[in-house]
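Chemist: All the letters of the sequence shown, read from the start, carry residue numbers -17 to -1, 1 to 878 under mature numbering (1 follows the signal peptide of the UniProt record, and there is no 0).
Hints may be right or wrong, so weigh each one.
Within a straight-line C-alpha distance of at most 25 Å, the following computed PhoX-like cross-link-like pairs (lysine-lysine) qualify [unchecked claim]:
{"hint": "1", "residue 1": "K528", "residue 2": "K567"}
{"hint": "2", "residue 1": "K637", "residue 2": "K664"}
{"hint": "3", "residue 1": "K448", "residue 2": "K538"}
{"hint": "4", "residue 1": "K315", "residue 2": "K275"}
{"hint": "5", "residue 1": "K343", "residue 2": "K286"}
{"hint": "6", "residue 1": "K692", "residue 2": "K790"}
{"hint": "7", "residue 1": "K664", "residue 2": "K636"}
{"hint": "8", "residue 1": "K286", "residue 2": "K267"}
{"hint": "9", "residue 1": "K143", "residue 2": "K73"}
{"hint": "10", "residue 1": "K535", "residue 2": "K567"}
{"hint": "11", "residue 1": "K511", "residue 2": "K525"}
{"hint": "12", "residue 1": "K637", "residue 2": "K570"}
Have a look at the derived ranges for each label pair, beta carbon to beta carbon [what the hints assert, rightly or not]:
{"hint": "13", "residue 1": "N708", "residue 2": "V615", "range": "24 to 32 Å"}
{"hint": "14", "residue 1": "Q167", "residue 2": "E374", "range": "36 to 44 Å"}
{"hint": "15", "residue 1": "F63", "residue 2": "Y214", "range": "44 to 52 Å"}
{"hint": "16", "residue 1": "N121", "residue 2": "G89", "range": "55 to 63 Å"}
{"hint": "17", "residue 1": "N107", "residue 2": "P314", "range": "51 to 59 Å"}
{"hint": "18", "residue 1": "M338", "residue 2": "N302", "range": "19 to 27 Å"}
{"hint": "19", "residue 1": "E820", "residue 2": "K744", "range": "28 to 36 Å"}
{"hint": "20", "residue 1": "P314", "residue 2": "T211", "range": "20 to 28 Å"}
Simulated from the structure, these hints should not be mistaken for lab results. Beta carbons are placed, not taken as given, at the ideal position from N, Cα and C, and that holds for glycine.
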Amino acid sequence: MIGFLLFFGYSLQVILNDKLYEGESLQSIIADSGLSDNQINKIIINNGTFQFNGFQASKYTNLDEFIINEGCFEGTVDDFVFQNSQSLSKITILADITFQQQPFLGCTNLKVVEFNSISNLSNNHINETKIESFTLYNQETLNNNSITDIESLKTITLPKCKLIDSFNLNNCHNIINISFPSLQKVNKNSMNNLRSLLYVDLPELQRIYDKTFQDCPRIKIFNADKVTHCYGEHFFIDLVEASFKELFFMESSPFLYSPDLEKIYLGPLISIGSKWFDSCTNLKYMKLDTSKNIFGSFLPNSKNLETLIMENVKEFFLNESYPKLTTLILPKCENIQEQLITEAKNLSILVINIMKFSQKLQYFDNLKFVNMSNIRVITDHFFSNCINLRELYLPMAEEIAANSLNYCSNLTIVSFDSVDRVSTELFHYCSLLDTVILPNLRTMAYLTFFGKSYLKTVKIPLVTKIDRECFKGCSLLEEINLEAVQQLGAYAFEGCYSLKNITFKDLGFVNEGAFIDCQSLEVINLHKAEIASKKIFYNCIKLRKISFNYCKQVKPLAFANTNITHLTLFDCETISEYAFQNCKNLKTFTGNKVRSIGEFAFDNCLSLEKVFMFSLEKVPSYLFFDNPFISVLRFDNLTEICDYSFFSCKNLKKIDIPNVIKIGISAFESCTSLEEISFDKLTSIDNNAFKNCHSLSSISMNSLRSLDKNSFNDLPKLTSLQLSNLTEIKLNCFVNCSNLEKIVFSSLTNMNENVFRSCSKLVFVNFNSLTDISSFDFSNHKSLKHIILNNILEIPKNFFFNCPSLKMIVANKLIKIEDYSFAFCNQIEGINFPSLEYLSENSFYKVSSIKTVLLPKIKTITFNQFSECQIKSFVLPSCEVIDLKLLTSHFNRKC
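All chains, full assembly: derive it from the sequences and hints.
Modeler: Here it is in structure tokens:
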């Protein structure tokens, strides 16, 4: 703003009647404003440097306010400036100034005066005025006789004043409130005869001297919390409330004649007069910081007393009782007459230090807070039926009777620092229990906090054993530290829905269901526990991290319905059925030492991708049933895979489990992404084991001996199969393997019907050891070209009927061929069966491609055996009977 003024060449900014003007001086600004003298009612020196220079306020007959803002003036105010300004009601000069003799003489209407400070302030300056409000913002000292005998004065403001010297503020009969926040000292003969004074607030005052505050009978509230000494006699007849928190010495009582006194706070007084409070018949609240013991008639007439607080008194024996007493706080009191307590039936707050109490507080309906800091024994029914008791502190109690809290239905906080055991029934009726502090407790009994649905905070740092169902149903419990606990009972925290954090350090044994339905629990460490018991974390739906370093056994449903994503159990050897059921976010499981795992252990673990169990010996039924994402498996010691173990694991691509001996029913059925399997030691496969594995193209099972029915049904990508040790195949094993071309089962001895039904591209078959083919056939296999049947003695009727691509059959031990066995096999060019002895009618019906026939052991041959064939050469060295028709129909043939 100064820069703004300098830019335009002005040195002063003035507001006249709420309009801003600028100029060189006040007189020139008024002259240029166009306002007449009697039109001006307000002058504010807003900015710039102001000098009075002969200014006289009386000239402006209607002037009501004159204000000089901070930084605009410094110096002396001459007498003539404001004298005789009869319209002027408010003067504000925010500066440190000096006055002449009588600056406000004749200012008959002046009510409000505000200055920063007046260096030479004296009573002559304002005693001829009718000022009602006087403010000195920065004045630190009122010198002797500066402000006194001003009857019109109602309000005086001295925010920074530290010292008021003698003969100030006397006889100012209209002052109602004195509040000087910085005042530290008031000398004698000040603040007397203030007949309207009601409120005194002097927070920094240190002493009250004789002949101050005398004849101030109407004071109702007096606060001077730093006063340490009070000298002389003071009588506050109308006093209602007084606070002297640091008062150490009081020469005489100012309360001798204060019948209306209701509330008083006195500091560490070294002595208290016997009759100081005799007239205080309406006293309701008293707080004394004195350490002096109280005896006899201390408050003889205060029958309305409601609150009594004496924090340092050790002995308290009175002749009176106080039936209206609601608060009794004597935290160091070791001896008291019990009658004072037992007759105070309205008692709400009780704080006391006694060691013994022979009475009971039974049926104290209004009791809400109790701290009996030194009592050792709480007897039967001690607090029974205290239906409104909220907080109970018994730091030294060693024995607490089981029924002592009966029907304390509103109890919310208990703190028993010394008790080492509590009974099951102790909190039975405390349904609203919120906070429990038991720092010395060692064992928790069965059902101790069962169903306490409001319980939020529990501190039991030394407890080593928690019995069954101790915290069951504590649905608001959020956090608990159990570092010393070694044993946890069954269902101990079941239904603690809000439990988020629980800390264990030495826990070694956890019973079943300990944390069922702890639905907010996210992380837990059980470093020393060796058994994950049945349902221990069942339905802990947010549990994402578990440390179980020494766990050796996992019981049924231990981790069911949790949120874990990765789990490693380093020492675990046994996992029971359903252990991880519905762990829908579990991705990786590692159990290097797991030897045994139960059925459905990973039931509905829909995100499981990787499993490492190097020591597992048997995969039980349904272990990974219908798991959509599992893709990596490591089972180095596995010997058996049971029924439905990997049923419909649609993301599984490769299996290499070298030590497996047996695979059960439907073990890998519908694993539609499975491409490659390798089982080096496998000996038997049960039915449907690899049915519907639509991507399976490579099978390595060199030790396989037995295939059950439907084992490899519907494998459209399988092209070749070599099972050199296979001895038995049951029905329908390779049905709908539509791209299977080559089969080598060189050790096969037994095969059921329909084994290769709908294997439409089958080209090569090696059944070198098979002896019986009566239960199946290859009729209508359009692509079959080569087949080896070296141990077959008989080919049944229609066995190769209509195999139009069949070119070669090796059957060195073949003795008999039934009707139509090779009918319509139009790619066969030569027949060489060195052991054949019997050939049925139409065996090679319409096999027009046959050129040579070598049958060294055949004895009889007829026309119908080779009807409609174009044979060029017969070699029949043992033949005894030849149908002439055969010879005549095959012209130019050799025999």
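Chemist: Next, verify each hint and record whether it holds.
Modeler: To see whether the hints hold, each was checked on the structure:
The suggested pairing of K528 with K567 holds, with an alpha-carbon distance near 14 Å, which does not exceed 25 Å. A hinted pair counts as satisfied when its Cα atoms are at most 25 Å apart, and K637 with K664 qualifies at roughly 17 Å. With a CA separation close to 21 Å, the supplied pair K448 and K538 stays within the 25 Å bound. Between K315 and K275 the CA atoms are separated by roughly 12 Å; this keeps the pair inside 25 Å, and the hint holds.
Between the alpha carbons of K343 and K286 the distance comes to roughly 23 Å, so the proposed pair stays at or under 25 Å and holds. With a CA separation close to 29 Å, the supplied pair K692 and K790 exceeds the 25 Å bound. A threshold of 25 Å between alpha carbons decides the hint, and for K664 with K636 the separation of about 20 Å falls inside it, so the pair holds. A C-alpha spacing of about 9 Å is found between K286 and K267, which places the hinted pair at or below 25 Å, so the restraint holds.
The straight-line distance between the Cα atoms of K143 and K73 is roughly 22 Å, inside the 25 Å bound, and the hint therefore holds. Of the pairs offered as hints, the one joining K535 and K567 holds, with about 24 Å between alpha carbons and a cut-off of 25 Å not exceeded. Between the alpha carbons of K511 and K525 the distance comes to roughly 23 Å, so the proposed pair stays at or under 25 Å and holds. Among the hinted pairs, K637 with K570 is consistent with the structure: their alpha-carbon atoms are about 18 Å apart, no more than 25 Å.
For the pair N708 and V615, the supplied restraint of 24 to 32 Å holds, since their beta-carbon distance comes to about 29 Å. Roughly 40 Å separates the CB atoms of Q167 and E374, a value that falls within the hinted 36 to 44 Å. A hinted range of 44 to 52 Å for the beta carbons of F63 and Y214 is consistent with their spacing of about 46 Å. The hinted window of 55 to 63 Å between N121 and G89 is violated, with their beta carbons roughly 28 Å apart.
As the Cβ distance of N107 to P314 is approximately 56 Å, the hint placing it in 51 to 59 Å holds. Take M338 and N302: their Cβ atoms lie about 24 Å apart, and the range 19 to 27 Å holds. Under the hint 28 to 36 Å, the C-beta atoms of E820 and K744, about 34 Å apart, fit the expected range. Taking the beta carbon of each, P314 and T211 are about 23 Å apart, inside 20 to 28 Å as hinted.
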